[in-house]
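Visitor: Chain order of the listed sequences is W and G. Residues in the first sequence are numbered from 6 upward in steps of one, following the working numbering. Residues in the second sequence are numbered from 6 upward in steps of one, following the working numbering.
Copies of the same chain look alike in the list, so a pair counts if it works inside one copy or between any two.
Taking lysine to any residue pairs in the SDA-like style, the calculated list, with each CA pair at most 20 Å apart, reads:
1) 210 / 240
2) 276 / 184
3) 276 / 189
4) 223 / 167
5) 299 / 317
Since the hints were made in silico from the structure, they are not lab data.
Protein chains: 2
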Amino acid sequence: MIRIGIAGYGNLGKGVEAAVANAPDMELVAVFTRRDPAGVKLRTPGVPVVPYADLASYQGKIDVIVNCGGSATDLPETTPAIASLFHVIDSFDTHAKVPEHFARVNDAAEKSGKVAIISVGWDPGLFSLNRLYMNAVLPNGSDYTFWGRGVSQGHSDAIRRIEGVLDARQYTVPVPAALERVRAGENPTLSVREKHTRECYVVAKEGADLARIEREIKTMPNYFADYDTMVTFISMEELREKHMGIPHGGCVIRTGKTGMNLETNQSIEYKLQLESNPEFTGSVLAAYARAAYKLGQMGPAMSGCKTVFDIAPAWLMPTDGAALRAHML
Amino acid sequence: MIRIGIAGYGNLGKGVEAAVANAPDMELVAVFTRRDPAGVKLRTPGVPVVPYADLASYQGKIDVIVNCGGSATDLPETTPAIASLFHVIDSFDTHAKVPEHFARVNDAAEKSGKVAIISVGWDPGLFSLNRLYMNAVLPNGSDYTFWGRGVSQGHSDAIRRIEGVLDARQYTVPVPAALERVRAGENPTLSVREKHTRECYVVAKEGADLARIEREIKTMPNYFADYDTMVTFISMEELREKHMGIPHGGCVIRTGKTGMNLETNQSIEYKLQLESNPEFTGSVLAAYARAAYKLGQMGPAMSGCKTVFDIAPAWLMPTDGAALRAHML
Numbered sequence: 006m007i008r009i010g011i012a013g014y015g016n017l018g019k020g021v022e023a024a025v026a027n028a029p030d031m032e033l034v035a036v037f038t039r040r041d042p043a044g045v046k047l048r049t050p051g052v053p054v055v056p057y058a059d060l061a062s063y064q065g066k067i068d069v070i071v072n073c074g075g076s077a078t079d080l081p082e083t084t085p086a087i088a089s090l091f092h093v094i095d096s097f098d099t100h101a102k103v104p105e106h107f108a109r110v111n112d113a114a115e116k117s118g119k120v121a122i123i124s125v126g127w128d129p130g131l132f133s134l135n136r137l138y139m140n141a142v143l144p145n146g147s148d149y150t151f152w153g154r155g156v157s158q159g160h161s162d163a164i165r166r167i168e169g170v171l172d173a174r175q176y177t178v179p180v181p182a183a184l185e186r187v188r189a190g191e192n193p194t195l196s197v198r199e200k201h202t203r204e205c206y207v208v209a210k211e212g213a214d215l216a217r218i219e220r221e222i223k224t225m226p227n228y229f230a231d232y233d234t235m236v237t238f239i240s241m242e243e244l245r246e247k248h249m250g251i252p253h254g255g256c257v258i259r260t261g262k263t264g265m266n267l268e269t270n271q272s273i274e275y276k277l278q279l280e281s282n283p284e285f286t287g288s289v290l291a292a293y294a295r296a297a298y299k300l301g302q303m304g305p306a307m308s309g310c311k312t313v314f315d316i317a318p319a320w321l322m323p324t325d326g327a328a329l330r331a332h333m334l
Numbered sequence: 006m007i008r009i010g011i012a013g014y015g016n017l018g019k020g021v022e023a024a025v026a027n028a029p030d031m032e033l034v035a036v037f038t039r040r041d042p043a044g045v046k047l048r049t050p051g052v053p054v055v056p057y058a059d060l061a062s063y064q065g066k067i068d069v070i071v072n073c074g075g076s077a078t079d080l081p082e083t084t085p086a087i088a089s090l091f092h093v094i095d096s097f098d099t100h101a102k103v104p105e106h107f108a109r110v111n112d113a114a115e116k117s118g119k120v121a122i123i124s125v126g127w128d129p130g131l132f133s134l135n136r137l138y139m140n141a142v143l144p145n146g147s148d149y150t151f152w153g154r155g156v157s158q159g160h161s162d163a164i165r166r167i168e169g170v171l172d173a174r175q176y177t178v179p180v181p182a183a184l185e186r187v188r189a190g191e192n193p194t195l196s197v198r199e200k201h202t203r204e205c206y207v208v209a210k211e212g213a214d215l216a217r218i219e220r221e222i223k224t225m226p227n228y229f230a231d232y233d234t235m236v237t238f239i240s241m242e243e244l245r246e247k248h249m250g251i252p253h254g255g256c257v258i259r260t261g262k263t264g265m266n267l268e269t270n271q272s273i274e275y276k277l278q279l280e281s282n283p284e285f286t287g288s289v290l291a292a293y294a295r296a297a298y299k300l301g302q303m304g305p306a307m308s309g310c311k312t313v314f315d316i317a318p319a320w321l322m323p324t325d326g327a328a329l330r331a332h333m334l
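Using the sequences and the accompanying hints, generate a full structural model.
Guide: Here's what the structure looks like:
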């Protein structure tokens, strides 16, 4: 059994917990938290909740830590620290800062002889993988990524910070006409506005100025100003009834040309429809935790920081190469 | 530049030729054929057509041979033979015989210190890869593979062998209702007949007994008897006008459950729409030829037979890891 520790027990940590509970070859050893452990109730019986400060005391008892912190401030600090003690996986998703994060984690993991795999999930993660495979096979072409329909936590949080807002959910929605043009091989140039719309469901304080809230949302730079944004005010009851899920998904499409004179159209599409974004992301993290463990078993030459690009697909599976060739090829 | 040789110059060999012509880091050195070389006209200027018997004389001049022979009788013999001289890629597609083929190629490649990658293409190949990734991420679920709409060469050949038939094209077509049920997450159990229909366009000899030909097609065991099969007789002119392309495609879908009690639905779909099956397959082979070359550069420990499951995605790309992390993750 691969002995797993989870650092951080928010939605993503819970998703990893569920994935580990359903994996045939993994057991959850401990969950580490910066909160008061007494206030954290796991769903896996018999597993201790341990202060994050005591992580080092689990050396030799845990093979891989799945680090479920946030990308903004937590992972840049904790993933290198954990990599000096354990194999570690994270879901670092600030695309622009990946090279910097990679370098710091790689330094730590090379020194400790551990394996780290960063930016695991679906974007970055499975979507990145598919972009790479598509580009390798169709070097002449264009990539398109559409997200949704799904809840964006960052955009929901941005709305919640507006005065007079009690709660909110923001759905990112691909524009059907844009998707159709891409799928038809038209190879269109699409503006931000043409690709996605944003649907906001907002619970306002009693007596709040709804027109001002709507205006503040629609004109918010970076988050909403460049999009067609729909704002709907609803009651807290309706929010709780209809908008408590965390669905997401999307697709990566590459249309490209082959042939001596690039005269032939080819198209590849990869699509996710997820009822729960954190449970799915947690499942991806669990699969790559297995790969980190297997890489760790291969010896010190395999240590250091990796991304999904460096992981041979076979390492993600509990079965061996012969079984994979016989049953899955 | 990675120096490529192509063994066999049928549709697939031509597809590889086009992919190599459009790759930034590959050059075609020679095409090997069992036909009279004088009768083989390449589309790449200045490249020699060489008798297959002279393959060994190109040692040191070619890095990777892409073996474009047929799976039934050619590849089982030639891939191991080539692997004793060069790195080699093939598209062996007899799923049931993969373990046997793997063992023979692995023996040869381990002895010679070369890298061989077998069963490369889209099924087996990219579809297999996607089945594996989907299973790694969603261990609790069901896979569905649909092929088409596309030309099946094997089924077209089977019709051509019927007395009174001059030529024929057979299209494999997914049943839309079955696809819809799978995409809706119904997790249906589908018979062979419920998943695909077969459309046959047949040119008969003048005076041939059309009713008998149609009956022979529709009742042909393995190929047609288990399917709803449509037979349309057309003229040779119409066949040449409308059915000379070799389109194909299809999709792999996995619907699965996550959550502590497997209560959450998740769905992944991978879909290909190909105007030319051999050009696309040739492009996949070219990308894996690059991986074989890179593996070969890593030293003798990496020699032996591999499949797409063993190849880290990054090895398929001409760019290095840092560039991939910065631009594609």
